Amino acid sequence: MSEAREKHLDELREIVAEVLEVEPEEITETGSFVEEHEADSLRAIEILARIEKKYKIDIPQSELPQMENLKAVYDVVAHQAGWQD
Amino acid sequence: MITLEHADIRRILPHRHPVLLVDRVLELEPGSRIVATKTVTGSEPCYAGLEEDLPASAYAYPASLLVESFGQTGAVLWLYSAAMAGERSEGTLIFGSAREVTITGRAYPGDVLRHTVEIDQLIGDNAFMRGETWVGDRRIATLGSVLAVVREGLAVGTGS
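So the sequences go chain by chain: A and B.
The opening residue of the first sequence carries number 1 in the numbering used here; numbering runs sequentially from there.
The opening residue of the second sequence carries number 1001 in the numbering used here; numbering runs sequentially from there.
The set of hints was computed from the structure by calculation and includes no laboratory data.
Because the structure is a prediction, the values reported are computed rather than measured.
Don't be surprised by glycine CBs; every beta carbon is placed ideally from N, CA and C.
Each hint should be verified, as a subset may be incorrect.
[Stated by the list, open to error] Chain A is faced by these chain B residues, among others (derived, beta-carbon under 8 Å):
1. Thr1041
2. Ser1097
3. Gln1121
4. Ile1123
5. Gly1124
6. Phe1128
7. Leu1147
8. Val1149
[Unchecked claim] Taking CB as the label site, the calculated pair distances span:
9. Thr1039(B) <-> Trp83(A): 47 to 53 Å
10. Thr28(A) <-> Gly1086(B): 41 to 47 Å
11. Ala4(A) <-> Glu1027(B): 41 to 47 Å
12. Glu1152(B) <-> Glu35(A): 34 to 40 Å
The shape of chain A in the complex, shown without the other chains (with noise of 0.2 Å):
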């Protein structure tokens, strides 16, 4: 895995673990925001915000279902950031 990856990942679990209250170890990749921490569409939408302003990007609200964990997160991200990890 490259630097900027993980990098990049583990920005993205701090700001959801921020949102989801949890600490950001407990966001595994592939553990799912909804099952595994009660996240709802507020948090999600809170999620969203949070990485949009960040990143100065703008990701399109019909991505959100998709966002279901980090590591669909980080793809999302990803995409619309243009990065190259």
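Go by the hints and put chain B onto chain A.
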């Protein structure tokens, strides 16, 4: 500078007595900023049924209602701005969340809460706001991120 009286506010917010917690808008810059007041009185429902001989602190205005009042103020800014821009909001206005809230003082019956709220981020039917609440020259709360959303369901406001 745009100002709004209570009758105007009732046309913007769906809330009604006793949960309509914005009295008057002193300043409104569409899409940007609002300053509004909410007067706390001894006849608020939150003081009903309290026991006799309670200490003064028992009459501190509840932080939950302060945050709700702040959120409603932000919603006035958001919905008024959207209406001016020709965007219709259809659905139910819902309080989403409040984060980074610091309460640094109390308000009591007779005090006038003055909320200053800015729109931080708009994402579709979701508005993130931040600001402060003052009583006179005392800042009693800072609110880092308050989320209000509109979701499908009942209509916002009464129109007219």
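Status of the hint placing Gln1121(B) at chain A (closest C-beta pair under 8 Å)
Where the cut-off is 8 Å and the nearest Cβ of chain A is about 5 Å from Gln1121(B), the hint holds.
Hint Leu1147(B) vs chain A: min CB-CB distance below 8 Å?
For Leu1147(B), the interface hint holds, since the closest Cβ of chain A sits about 6 Å away, which is under 8 Å.
Closer than 8 Å between Cβ atoms is the bar; does Val1149(B) clear it against chain A? Give me holds or violated.
7 Å, holds
Hint says 41 to 47 Å; check whether the CB-CB distance for Ala4(A) and Glu1027(B) agrees.
45 Å, holds
Status of the Ile1123(B) interface restraint (C-beta, 8 Å, chain A):
6 Å, holds
Holds or violated: Gly1124(B) as interface residue toward chain A, Cβ cutoff 8 Å?
Gly1124(B) check passes; min Cβ-Cβ to chain A is 5 Å, inside 8 Å.
Checking hints one by one. Is Ser1097(B) an interface residue toward chain A, by the C-beta closer than 8 Å rule?
Ser1097(B) check passes; min Cβ-Cβ to chain A is 6 Å, inside 8 Å.
If you check the beta carbons of Glu1152(B) and Glu35(A), does the distance land in 34 to 40 Å?
Check failed, 25 Å falls outside 34 to 40 Å.
Do the numbers back the hint for Thr1041(B), that is, is its least Cβ distance to chain A under 8 Å?
32 Å, violated
For the hint 41 to 47 Å, verify it against the beta carbon of Thr28(A) and that of Gly1086(B).
Holds - the Cβ-Cβ distance for Thr28(A) and Gly1086(B), about 45 Å, lies within 41 to 47 Å.
Should the hint that Thr1039(B) and Trp83(A) are 47 to 53 Å apart at their CB atoms be regarded as holding?
51 Å, holds
Hey, does the Phe1128(B) contact hint survive, CB to chain A under 8 Å?
Hint on Phe1128(B): holds, closest Cβ of chain A at ~6 Å, below 8 Å.
Checked against the numbered hints given earlier, this structure breaks hints 1 and 12; the rest are met.
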